[in-house]
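Undergrad: In case you want the letters, here they are:
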Amino acid sequence: MNARLDATRVASILARVAQARPRVHCLTNTVAQNVTANMLLAFGAIPSMAVHPDEVADVAAAAGAILINLGTISPEGERAIPRLLELARAQGKPLVLDPVFVELSPLRMRLAEDILRLPGIVVRGNGGEMQALAPLLAATPGATRITTGAVDRIEAPSGLFEIAHGHPLMTKVTGLGCASSALVAACCAVEPDPGLAAGAALTAFGIAGEIAAERSAGPGSFAMHLIDALASLDEATLLTRMG
Amino acid sequence: MNARLDATRVASILARVAQARPRVHCLTNTVAQNVTANMLLAFGAIPSMAVHPDEVADVAAAAGAILINLGTISPEGERAIPRLLELARAQGKPLVLDPVFVELSPLRMRLAEDILRLPGIVVRGNGGEMQALAPLLAATPGATRITTGAVDRIEAPSGLFEIAHGHPLMTKVTGLGCASSALVAACCAVEPDPGLAAGAALTAFGIAGEIAAERSAGPGSFAMHLIDALASLDEATLLTRMG
Amino acid sequence: MNARLDATRVASILARVAQARPRVHCLTNTVAQNVTANMLLAFGAIPSMAVHPDEVADVAAAAGAILINLGTISPEGERAIPRLLELARAQGKPLVLDPVFVELSPLRMRLAEDILRLPGIVVRGNGGEMQALAPLLAATPGATRITTGAVDRIEAPSGLFEIAHGHPLMTKVTGLGCASSALVAACCAVEPDPGLAAGAALTAFGIAGEIAAERSAGPGSFAMHLIDALASLDEATLLTRMG
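If you read the sequences in order, they're chains A, B and C. My numbering applies: residue 1 is where the first sequence begins, and numbers increase by one. My numbering applies: residue 1001 is where the second sequence begins, and numbers increase by one. My numbering applies: residue 2001 is where the third sequence begins, and numbers increase by one.
By construction, these hints were calculated from the structure, which means they are not laboratory data. Quantities reported herein were computed from a predicted structural model and do not represent experimental measurements. From the three backbone atoms N, C-alpha and C, an ideal C-beta is built for every residue, glycine too. Not one of these hints is a red herring.
Partner residues aside, some chain A positions facing chain C, computed with beta carbon under 7 Å:
(1) Asn34
(2) Ala37
(3) Met49
(4) Val51
(5) His52
(6) Glu55
(7) Met224
Facing chain B, from chain C, some residues (calculated, C-beta under 7 Å):
(8) Ala2037
(9) Ala2042
(10) Val2051
(11) Ala2231
So that you can see chain A by itself, here it is in the shape it has in the complex (with noise of 0.2 Å):
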């Protein structure tokens, strides 16, 4: 199912953002800024992340793609997210949702619906946050869905794939769900197929995790490896790992 996604696709994507260090613009929440930073630097990306409604479009107009993440978010974060979406409307620039918690509040379904109206849109969160999102995703042709959990599930518009990497441990830090929301937005900055963009990203995170996983004592250094390993991670290993 997956064999349009190989080490070869997946690192090919991975060096266009080494080579290109897409700048990706992340509204998100503030729990996640800095692990979501750390990881798309080690990623070869470059983390811009203004919230102000005055400034948001200005920092965000040469970004390579945006994320929108709805955790924490603010009355000004509420006010920014419209200027983003005409940003990436006008400029066709990749747009991810990461729809944090959206089943516990209303205004963020509120404002889930508001994105979902973007053509193109790429959405990932967990199998609660999906589900909730559901009936909305049903309304919306050309969207890639992305379900993250033991094996992650990405359902676009070129295809459906699946990607079974990743460790138990990265469900006990915080922000690891968030910042790799932020990897698939640095993928879908060069490469234009969402479905692989997408899948070369939480394959990298993936992995990543499992190289963590395998050097940790716990969830307090996981994150610390896990970052290590991104940044390290080569054709080579990504050979051996998908085997």
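Please arrange chains B and C on chain A, whose structure you already have, making use of the hints.
TA: Positioned in the frame of chain A, the structure of chains B and C alone reads:
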């Protein structure tokens, strides 16, 4: 004095947290959010950190306990506080106040005054913060007062507890005191006696700190080891360390 | 050129920080808050990070120095800036500006223009940021301009200092430049010559970075080792590393 807080009792409260996996809704400062969330996850609890006044009550509604930490309070966070107080009052949900730097800010003192009106409130601060609040606390019957330091002192309706665990490095890492307040909240979600709940949380936190200090090369590596130690703390370790 | 900035001079300024334990009030971006606070603590200083316009001047009033960092500036942070400028002006308190991504945001450029009117202002940015500010800085007599990079260049009223310490990994971890600005502020709290203060801070920071690079397996573990190295930096190490 701590006859009722031996290793078996502490282990029993920790086991209830690990089994019930209570969600702790944290309205907390942006400096400490990440380490607080990771500490709660290592403890077996689930963090949520919404702050927007239009959603904070929705997100906190099904949480097992609430933490209000006044560090980096924002105008929106200020407006979120009454929503959380109303929720805690209506549901009888445990609420912990962490009055960061209250001695420096008349705004925080006013907010603390409102929060302390909540029946059954639990307050954890350092010596300076608790001293600044002393006049207010004197007029707050039924409150549980926790002053942390070289020896943590817990004055609860059920009695006095003193915890002599921990390490000086814990004062050299930002957000650890804030995170300990979140652990107190997690224990309050499963243990109705706030004195015992706070005692169990601070014993676990202090012992994890002792273990981390033995493994750390300085304050940079300390938090990581603390989280690793907290995630693997078991009754045998508690027994050994509590003598 | 740096005859006045030998290891003994640097050690003397660091010792004054460790003894006076100045509080540095940081109005800084939410991405860098945690690493900035931990770096200040490792340096022997105390961080405070209030941002609410109704309390920021109260909290900063007794601080030894102020940092204003424009990253992730919020509407409330924008309103806090004039309160901090008024305080710095009234008390003659040192103030450091970190103009993150000022080249991307007309809003930040306007804010920087206001801040640069403060007599004795110290500015630290990377090459792109300092170049964008060059026209404003040309009209700012008495300012200290710090351009960090492979070689840090400090142009102070008392002369020119160049610091050739550090490691490329320092650009791969988010918030380290921001944290270095906070260290400059901490030194300005104890040393009246901002050129010497900045030189001492950036020498310590750069040498800690060199030590960290020798101990790190990548950007994930780098910040931890940098903070450990900063916390244990002594005159003997400075002497060896400064040749």
